[in-house]
Amino acid sequence: MDSKDIDIFKVLANETRLQILHWLKEPEANFPCQDVNPRTVGVCVGSIQKKTGLAQSTISHYLSMLEDTGLVVSTRIGQCTYYRRNEEAFSMFVTHVATDL
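Positions in the sequence shown are counted from 1; adding 5 to them yields my numbering.
Read the hints as simulated data drawn from the structure, not as lab findings. Honestly, I wouldn't trust all of these hints.
Stated by the list, open to error - As a list, the in silico DSS-like pairs of lysine-lysine whose alpha-carbon atoms are at most 25 Å apart:
id, residue 1, residue 2
1, K30, K56
2, K9, K56
3, K55, K9
4, K30, K9
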């Protein structure tokens, strides 16, 4: 097991980060009032922060951790950064866990 695997498991060990990933799996249902297509572009960090009720700095840190492990991808448009799940990374991780661990 390499350090990237350990980092992914650490990121997944937090309830709020897991909840964010769950919400981003079905962004249209969980964030219905987006000004962009949440499936292809993502969900604005402000919407994620509002839904969690946590401080903006905490959510930004959590999203940065998710992005560092490759589980989410960010896109900056104007003043907002949008986040979406990286389904390819999830597939690769699940395959790795199933075959190598």
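Query raised in the report: Is K55 within 25 Å of K9, Cα to Cα?
Result: violated (29 Å)
Query raised in the report: Given the hinted pair K9 and K56, is their alpha-carbon gap at most 25 Å?
Result: violated (28 Å)
**Report entry** Straight-line alpha-carbon gap K30 to K9, limit 25 Å
**Finding:** Satisfied, since the Cα-Cα distance of roughly 22 Å is no more than 25 Å.
Query raised in the report: Holds or violated: K30 with K56, Cα cutoff 25 Å?
Result: holds (15 Å)
Hints 2, 3 from the earlier list are contradicted by this structure; the remaining hints agree with it.
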